[in-house]
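Using the sequences provided together with the hints, build the complete structure.
Number of protein chains: 4
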Amino acid sequence: MVYFAEHHTAGRHFLQIPGPSNVPDRVLRALDNPTMDHRGPDFGKLGARVLEKTKKIFNTESHVIIYPASGTGAWEAALVNTLSPGDKVLMCETGWFAHLWEEMAGRLGLLTELLKTDWRRGADVEGIEARLRADKNHEIKAVAVVHNETSTGATSRINEVRRAIDAAGHPALLLVDTISSLGSVDYRHDEWGVDVTVSGSQKGLMLPPGLSFNAVSAKALKASETAKLTRSFWDWKPMIASNATGYFPYTPATNMLYALDTALDMLFEEGLDNVFARHDRHGEATRRAVRAWGLEVQCEDPRHYSPVLTAVRLPEGHSANALRATILKKFNMSLGNGLGQLNDRVFRIGHLGDFGDLQLVGTLGGVEMGLAAAGIPHKPGLAAAMQYLNGNG
Amino acid sequence: MVYFAEHHTAGRHFLQIPGPSNVPDRVLRALDNPTMDHRGPDFGKLGARVLEKTKKIFNTESHVIIYPASGTGAWEAALVNTLSPGDKVLMCETGWFAHLWEEMAGRLGLLTELLKTDWRRGADVEGIEARLRADKNHEIKAVAVVHNETSTGATSRINEVRRAIDAAGHPALLLVDTISSLGSVDYRHDEWGVDVTVSGSQKGLMLPPGLSFNAVSAKALKASETAKLTRSFWDWKPMIASNATGYFPYTPATNMLYALDTALDMLFEEGLDNVFARHDRHGEATRRAVRAWGLEVQCEDPRHYSPVLTAVRLPEGHSANALRATILKKFNMSLGNGLGQLNDRVFRIGHLGDFGDLQLVGTLGGVEMGLAAAGIPHKPGLAAAMQYLNGNG
Amino acid sequence: MVYFAEHHTAGRHFLQIPGPSNVPDRVLRALDNPTMDHRGPDFGKLGARVLEKTKKIFNTESHVIIYPASGTGAWEAALVNTLSPGDKVLMCETGWFAHLWEEMAGRLGLLTELLKTDWRRGADVEGIEARLRADKNHEIKAVAVVHNETSTGATSRINEVRRAIDAAGHPALLLVDTISSLGSVDYRHDEWGVDVTVSGSQKGLMLPPGLSFNAVSAKALKASETAKLTRSFWDWKPMIASNATGYFPYTPATNMLYALDTALDMLFEEGLDNVFARHDRHGEATRRAVRAWGLEVQCEDPRHYSPVLTAVRLPEGHSANALRATILKKFNMSLGNGLGQLNDRVFRIGHLGDFGDLQLVGTLGGVEMGLAAAGIPHKPGLAAAMQYLNGNG
Amino acid sequence: MVYFAEHHTAGRHFLQIPGPSNVPDRVLRALDNPTMDHRGPDFGKLGARVLEKTKKIFNTESHVIIYPASGTGAWEAALVNTLSPGDKVLMCETGWFAHLWEEMAGRLGLLTELLKTDWRRGADVEGIEARLRADKNHEIKAVAVVHNETSTGATSRINEVRRAIDAAGHPALLLVDTISSLGSVDYRHDEWGVDVTVSGSQKGLMLPPGLSFNAVSAKALKASETAKLTRSFWDWKPMIASNATGYFPYTPATNMLYALDTALDMLFEEGLDNVFARHDRHGEATRRAVRAWGLEVQCEDPRHYSPVLTAVRLPEGHSANALRATILKKFNMSLGNGLGQLNDRVFRIGHLGDFGDLQLVGTLGGVEMGLAAAGIPHKPGLAAAMQYLNGNG
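Residue numbers (full-length UniProt numbering), protein chains in the order written: chain A, 1 to 393; chain B, 1 to 393; chain C, 1 to 393; chain D, 1 to 393.
Treat the hints with care, since some could be wrong.
Because identical chains share one entry, a pair is satisfied inside a single copy or across any pair of copies.
[To be verified] With a straight-line cut-off of 30 angstroms between C-alpha atoms, the simulated DSS-like cross-links for lysine-lysine are: (1) K56 to K329; (2) K330 to K56; (3) K53 to K329; (4) K222 to K55.
Hints are computed from structural coordinates only; laboratory data are not their basis.
Shown next, in the form of structure tokens:
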């Protein structure tokens, strides 16, 4: 079976959506190992090792739950383990994914309150603090923030969110979605006092979709004892109990754990600081190309620029979807579409995961040729990116 | 990274637990294809094709939902999409997995009523009919049955359950768990009037764990409109809407869909009838060996013998877990443990999925040598299995 | 085991040497199928199918021998099957590989006569004709030409060589090395009257090294009956006899045949004309970049420009090897070195095999950044290539 | 592409020919790594490491040449590097492969003298000594012995051959073919004073076919300086020169070297002594089954029993080929055919390479069922093998 027949002529497909990211060969070769007995002694060693390694990527000493399910499930897990029907959650609408998470919270019977943004920046830290100060009765039980908003390319500053909550002296839990940031952007679950960190496998962790995570603080764990939302599959308690010996309460996604084991090795071998610096560098190179093209980066606040992806605005009257279709057809590259209110207005360039300089040059070159082919006014921009990549920026 | 280091000396590991089953090389080679854009045109074709093929294995013209999550999740999905808090569910305690499903139902806020068995046979069809007849007010909203009870090796007769419900003139939904039967045992979602069929990837479908399924009748779909249990990740509605064009509402487990696509091809190439006959034959051969050893098959009712696995009782005073440990260490074979009340009393031989006659001979030979090594009284038994396999039974 | 540890930080290695070329994932996944019984019935079908398909790529109806050996062996095979000790061979020294072939001929006991070039063009067709006309006694038994000289990037015109031999009315055999051209450049063994075409797996055929080929004309076959050079492993006769039923006289490289089977499918699916046009286009785009950089293409004769690779001359005083080392270290790309008299004077860019536009953009971008990093005077050149690739050249 | 379509219904194919042996998944996953630049720095490290490890398996401190060619080539290499046209070679006709090697020697222009056996034992050590003593003028330049004769399952005792040559005080080179023994049977190139050891990849080394070897003593190296047989591809000299830095004079079979690297790791991890003991044990278990069946082992001398394969004689009037066809069709197992004078008289059971006890049970069970299916008179035999395997033999 050939899965890329349609647009494939020759050469490797450029998968430059902001996740799933390109899965390294070495990870694919771990993934395809024969499935083992998830109750046998070999598994216990694998499980214990992977759980331990996974903590390092969240920078936590506490528990990390690994679900055999994709990232959306971990959103649900964070909510149902900590909250009760009718609980109020303060959410920061940084873009489409924050919006989806808020919709989910509503469907699960929570009352949500949205702090809006114009989708061109990260979470409104001052707004969070103000709202929490006003909540004298502590009706708000949790603050939920998307670390890296994949729809806009804006990375919120979680340490500042933490400080805002503390400044307001508010006991709300802090729930953070790092689905598209973990493994690409520095993240510190313990140091930043996050209560539940949600994540997924298919972005910075360089895996296929199919695993998701909750890192859980002691405070969140305590909250789970009284939380009344119904839960079974997502319940932390049996997970934590089984994980103590490296096992899981129900069948885990064994082959994905092989892949996670290897992907974490690769990240540690490169060195997390190097990984983060590489993503920063590719983000900056991309923004330089965008500006040189005469186009606008969707994220307006430089403090919130995403090292993971760059959403690019097209001039009025031009279709981002038509551009993406042209680039897919002519150059065998997939780019991310605009979501929600940004549909057809932006396209998104993923520069995350297993990604190197020359792949970025190919990616930006493909966009530049696509802009020309689609008749979108622009100036040359790749040279600016290359100059920066070459250390002469 | 080598995942079988502990017990591996040389030769292929015999993974004879009743699932995860052995994943064929061809499926592993589909699994490890590069992840693609799940919003791109190639994906839509893959999605549509896989959804269509999957229906055939359930024998349904209705919807099949594919979750990027392991089988336990599909249990939860079947319940939360069709029922409301406090609804009564009649469940058939055929063994450990039926017990776990019942526990889950309780945790989700349902009232469960158990029809007990002695764990040595399938569901009590007469009991179901009697209980439903007695339920004049139709308080029971659903009947839940495990098709193939993986803890005991008993396969319930779902068509008889259907007739019992009909005979009682009861409107309860029929929920069936086929996690360990689908793809190994004949199953007819539409013909047997099942409302929700639950399944998973890692048994008869010859995939790693990580996908699960709900096949959904029109009646179940209607029930979902008024069902009040909270749900979001498991919600059928957005799934069915997106599936219409081959896509999914949130990131699917793309690589597992590649693998599913290939595994279904393999089953259809062999021919489902041949696949089922093969499993039947291996079940019978195994039971002949067990009897010749002088041991007892856990399932006592020949109509309920499982073609998927055989649970074998050890004589009093002998430890099944010690036997399994001996066999793993000496012969590099994993067998299933006894669960719940059967812990240490039975061991389970999986003979499902991608499995051939000589693998069965190796498997039964390994058990026979293990019995001797562990000092468990027995007579030679493999010869009886071989005679049957060779068509001289 | 990780094979790219040294220079790998993240992202895929750019293997832009002129072979081995990048092996497509699909071919690697064929390569890693379990080895089969090379005397069993399944093998016979595979063998027959692969032999038949292979003929198409040579454009021959005659025999193609597949050796379980790398390309250098097929050079030897061409000589030992057709010639006798002391036979005179006219060879065209188009570059390093022609030189190596000539050395080999000498070691095997043949008398070689070299038609020299300046290594900046293909074979000297007029020179061949003149020399053959002078050879009244037909002492010259074979003319040997390298179709695509991998050391210089010059593609000789084999049809013109054929006409030259015919014009001279000379009976010499025509031996052609297509190791780096087959599958990338149009080639017609029968139509051009070639007697032995030599080739290998690791270039246009998109395979790892390990297979090599002789396509054999009726005239060559006849010559082999009287040829006196000793041979056994390379002997065509038992090969042709066994091949008739799809088998081989000694153990073939089974897994490489799986890979060849798949690689040929991929070439035929793309369409050979499209494959050749793609290589032409990438060659022209590369040369435009080179010229824009202000550098010189090693091949001076536009009729001989290679669609497979481009050798680029550096200005006096600059080291091509230092440049290549810089590019490998900084940008994780391997380029070809200069060979023989061109050592350190040229570097070679491979643009062959499984290769697409954006990979070429990344490749040329890497060279351009490398030129800057190594302090080699140049102007921007990538833009010229992109303009051409985009159809505005 | 599916390569086992014909006889495959389900389950893994049992490849029980005496090579190619079953390639472990881990080796296949090394094999399918992306091909690298064979002139780049990463390759040099790989090459040096693999060359060093390979010496250990031959038990030599001297040179081991690795050819990118299958085993037959290494036969040729051993002869053409050490001998001159018309040289006399004393060869021991232990079976079909010894016969083929002798034929090759003849084709290469050597004079061969055969020490015949009845194909039911190893080399005639006394015969060798006697013949060499009679060769007063030292006309015999080399003695060639097949260590493990794959056609008969007889393992010659090379240390005794060495002693015989020494006892005769004869200067002949000792050439030994270990194609089907290396990695399965203890072998000591240096200690036993072998001059050229020939081997291949696809047997005990657990690789696909495609690599072959010459281990070379100082005496052989000296002989190569004056040997006059023509050679180029097989020439040791440039190999040894390039190998000094981990490289090869022409393109090596890179992906096979990845696989070799991993396969050697696996052998060393198991421990060579354990590997040899495992093969011995499987050989003995097999012979016990054969005898219990009432059939005859082809090898009559217990000192020469092969740990690698067992050739089994069928009673007069029964066709071994028909039996093999039945077993392939009914049980998806490939067995080795009888070669030369043994065609249709014996079948051969391979029990080498990556092979465990339960695979052997499946293998012998398949033979036993096949004997019944084919109507060949026999008694039960598997039980005897199992008893031995279980340590109660």
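TODO: Could you check the structure against the hints above and give me the numbers of any it violates, in ascending order?
DONE: Checked against the structure, no hint fails, so every one of them is satisfied.
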